[in-house]
Each structure stands twice: as C-alpha cells, then as structure tokens.
Amino acid sequence: MTEVVQFSARPEFRSPTLLVGWAMDAARLGWRVTGHLIDRLGGQPFCHIEPLDFFPLGGVTIENDLVLFPESTFYACPEKDLVVFRSTPPGHEWYRFLNLVLDVAQDYCHVREMYTVGSMIALGPHTAPRQFFGTVSSRELKTELSAYGLTREVDYETPPGGRPTLNSYSLWVGKRRGIYGANLWAPVPFYLVSSDDPASYRTVLGFLDERLDLGLDLTDLDEQAKALNERIDRIRTSSPAVDGYIRKLEENVGLSQGEGEKLAKELEDLLREEEG
Amino acid sequence: MAVRLYGEPGLRQPDMVVGWPGIGNIGLIVVDALRQALGAEELGEIEPWDFFYPSKVVIRGGVLETLEFPGNKFYYRQLEHRDLLLFTGEEQPSGQGREYAEGGKAYEMANLVLDVAEEFGCRRVYTSGAAVALTHHELRPKVWAVATSPQLLAEAKGYVNTVLMSEVEGRGNFGNITGLNGLLIGVARKRGFEGVCLMGEIPDYLSRIPFPYPRASQSVLEVLGAALGIAIDPKALDSMAAQMDGVISNVFRQFPPEVREKIDQRKHEIQTRPGMITDEEEKWLKEHIDEFFKGGEKEQ
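Residue numbers (the working numbering), protein chains in the order written: chain A, 976 to 1251; chain B, -19 to 280.
Any given hint could be a false lead.
[As the list claims (entries may be wrong)] Here are the simulated lysine-lysine pairs, DSSO-like style, with alpha carbons at most 27 Å apart:
1) A:Lys1201 x A:Lys1223
2) A:Lys1201 x A:Lys1240
3) A:Lys1150 x A:Lys1055
4) B:Lys53 x B:Lys215
5) A:Lys1150 x B:Lys36
6) A:Lys1150 x B:Lys53
The set of hints was computed from the structure by calculation and includes no laboratory data.
Predicted, not measured: the structure shown is a model, and the values here were computed from it.
Turn these sequences into a full structure, and let the hints guide you.
Below you can see the structure in the form of structure tokens.
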C-alpha cells in the first residue's frame, strides 16, 4: 500500500513560512506566483501527496493537447526558509487533505506562518492601480501586516448558495492548528482572466519579497506588465470597440454583461493573434 | 470523525426519525415539522468536516472568524407514551461530485446516526423521501412504504393513504431508494433495527425542479403521526404548501399546452382508471418535459 504522503528528500528548515498556491484560479495567479518563486529561489521538490484519495481518477484532463494530472507537491527553498506547496484543488476529502498539508508543514517543517495566494475578478480596467489586500486569521497578524498596507476592514459572509474558497478553508484549518496566516487576494481585470496578468502577480510577489526578505529582482515582471499594457494600447488603437469598452471602465462606467463578454472575447482573440 | 452529544437524557426505547435533503426535500421537511411541532431539544451533532465542504466563511474587519459547515443534528423529545429521537442533515455527504450520497462516506454517516440510535436503546428507525410518481400536483400525494421485515410491511399496509412500493402500478417487485434516506434503512436492517421508509409522491414532471414539495411531506407527516401514535397537525405545513402550490401552478402554466393537457388527463385517469397511463404516454411526457427544461436552461 502506497503511503499517502511521500518524502523524496529531507531538507532542513529553521522556522519557515508556508506559501500555498492552487492551480485553476483566475489568471492562474496562485500557480504563477508559486512557480515564479520556485524558479527564482531554486526550490526543490521534497514531498508529495498521492492523488488516489483526493482526486477523481476516472481519466485524464487534456488542455491544449497537453496531458494534465493532479499534483500536490511541496518545494523547499531552505536558504530563504520557505516551503512552497502547489496543488491541484482536491475534489473530495478536503479536510483530510488540508490536514495532511499542515501535518507536513507543522510536524516536519515547523512552519510558523502561512500564506495562500488567490485572485479576485475585478470589474475595473487594467490601467487602474491593483488594490491588493489580505484576510488574516488572527488580530495580532492583522496589526503586523497593516505596516504593508495589506489589511482592510473587510466584512464578508459567503452568500447563500455560494461556497468559501479553498484558500479560506486552508486558513481556517491552519488557525485550528495554531498556524496563523493570511489569504492574499490580488485583483485580475475580468478581461485578462483567461490570458495573463503579470501586474497582479507582481503585486503579490512584491509583498512576499518584502515580508519574507526574499531578495527578489522583480524588474522582469515590471517589464512584462509594461509590455502587456503596450500590447493592449496597440489593440485599442486598432480596435475601436475594445478601446470604447476599456475607456468606459476608465471613466468608471460599468459595462453590461454582453459588453463585458465581448471585450473579454475580443481582447483574448487579439492578444492571441498578436502572439502569432 | 465523531458524534458530539450535549447531554444524556434518559430515553425509553425511543423511535428515531431521520431526514436528509432529496427530491422535493420531502423527508427533511417532515423531520423539521416534527421537531418544531414537538418542541424537540438539541441532543448533539456529527462533526461535519470529514463529510462536507464548508458552506460559509465569516470575515469581520479583515479577520477570518469562522467557517460554517452543513449541520447534522440530533434532537430528542420525551412524550407521555413514547420518546423520540430526530436527526436531520442539511446535506448528504456526496463526496465525489454526485448529487446523492453513496459509497464510504454515506455508509460512515449512516452508521454514526445508528450508533446514537443504539446508544439510546432505539428499536425502530423511520426515514422518508420522495416517490417520483405518475401523478398530478392537484391530487393528494400518496405515501409509498417499504420496511425491513414482513411484520412491518403488514403494519405499514394499515397506514392511512399508504401503499407498499410493490403495489404501485407498473413498478413490479423491484426498486431502489437513492441516497441516505434509502441507505440508512439498509444499514438499519443490517444492524438489527426495525426500519420503515415512507416516501411521499411527487409528480414526475416536478422532480427535476429544485423546489420543496411540502404537499408530499404533509402526507408523510400524517402517516408518521399515526404510526408513532402522536398528534401532529399536518396543517402545520399549510402555509408552506399553499405558497408552493402557487409557485407550482405558475411553472405548470408555462408548460406547452399539449403537455399540460396530457398531465391534466391524469387527474381523471388516476381517479377513475388507475393504471391507465401507458408506457408510451409516460415516455412522451418525459421527453417533452425534458425538452421544456432544456429550453429554460438555454435561456438562462
């Protein structure tokens, strides 16, 4: 019988931070942020959770001709005392799954703080500043993180028929086990959800860099964000419809559902066309 | 995975009535109505996190205060001649994206409910659910019964407005009851409890609409009150039922005229010539109702 949690290495940590990113959120923000950190910090996989108990394994998902398979992997960045966990969201047994993640984080790594990364679909334009914020699991951490301009006096309850996010669920399980942390929420303009939005993950990475003293050089992301803005500017020049919709958003005029859908579709097609 | 009991009331061989959501929420409404009518007190709960995804997050001032899960609660009531245990679950533990419970989680939950029944010396368990039937929403829903022993079937045959499942025209001797309202009775039988499942009729053409169907719950409540020997006024559900009658009439008016006509014929046929709805008619209606709802989904 295969062990559910499998270690491939035993890296050492002092008192690390856990960063959690899930695949499949808007603009794949959590996946991109965690991927960027693993790449830049030379993160190495050291442990994974076997998929059998948590994912429907009735077949395999194909995306753009690529075979996808659920993965739930821990990466170690020991020099920065950082543990990164990237995973496909489990399909069932969520409580057990999240506790396994925290078993590794708490019992093996001795994690002292955790962050999750998630995106929010924003109705405003990409040219507006990103209003990044976090929800925390303790009042002490709220005070501490207010120095980063992260916390807001948000009151929220899941509306009837809705469900809390896996990030909220993770933070709650952490809180029950005495690991406090924050969900980091970065807005992604609705018309960039299925494309790419480097400005949003630049925002999250900027906070993590400062908070965890990671020493990241984020110039390339600034350049990518700038390049995307320039591409959209070019599209706006050639497509009066796209320009009109974005201008309305910039003038703080809401779009109808139909207009919003047209903007997202047209911009996505034109960006793809530009990429050739 | 645990049951948390808030107290240990001394109950005398109580009967247990159990309800989960399902088609028309018929069983759930029955247990809720019983709980309210009898003023039943909370007895305990099944810890939900191994069974359910949370239903609500509460954030205050930017701080995550709590996460709420679907409730699974036990209640009790000591009556003059009979004690009762009640259990309601706000959701069925569907786990793998299925609408109704099945497999390991469902079996675990059924056993946890029956563990409490056993602890309090319970002898009989009632569940209730929906019987999807070729009937009409203006007719009084019948109650279909199944039980865990021939002796109980004989008793159930004597209940008011009740038929045994095998007596329903066209059903034959075989059937199944989906989800926990059915599974619990099976596990009850395995563990040696007496068990009865009472299913209130819901018209086939309403079974896909996510509305409660309190008229069927009223029928079940009437039977259950008599079976338990307790006075439950079925009118307790009158206002809910009247409200849903209005909603259902509105939906019905939107059906194509030929479908309405076919359904309305049932009122006459069922009352005068039970069993006269043919397989062809049933198939025709199912196809047309499916088409009607598919059209509605496209418009949304």
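Hints, verified against the model:
Distance restraint check for Lys1201 (chain A) and Lys1223 (chain A): the Cα-Cα separation of roughly 21 Å lies within the 27 Å cut-off, and the hinted pair is therefore satisfied. Our distance criterion of 27 Å between C-alpha atoms is met by Lys1201 (chain A) and Lys1240 (chain A), whose separation comes to about 22 Å. A threshold of 27 Å between alpha carbons decides the hint, and for Lys1150 (chain A) with Lys1055 (chain A) the separation of about 24 Å falls inside it, so the pair holds. Using a Cα cut-off of 27 Å, the hinted pair Lys53 (chain B) and Lys215 (chain B) holds, with the two alpha carbons roughly 25 Å apart.
This hinted pair checks out: Lys1150 (chain A) and Lys36 (chain B) have alpha carbons roughly 16 Å apart, not beyond 27 Å. For the suggested pair Lys1150 (chain A) and Lys53 (chain B), the alpha carbons sit about 25 Å apart, so the restraint of at most 27 Å is met.
The earlier numbered hints are all upheld by this structure, with none contradicted.
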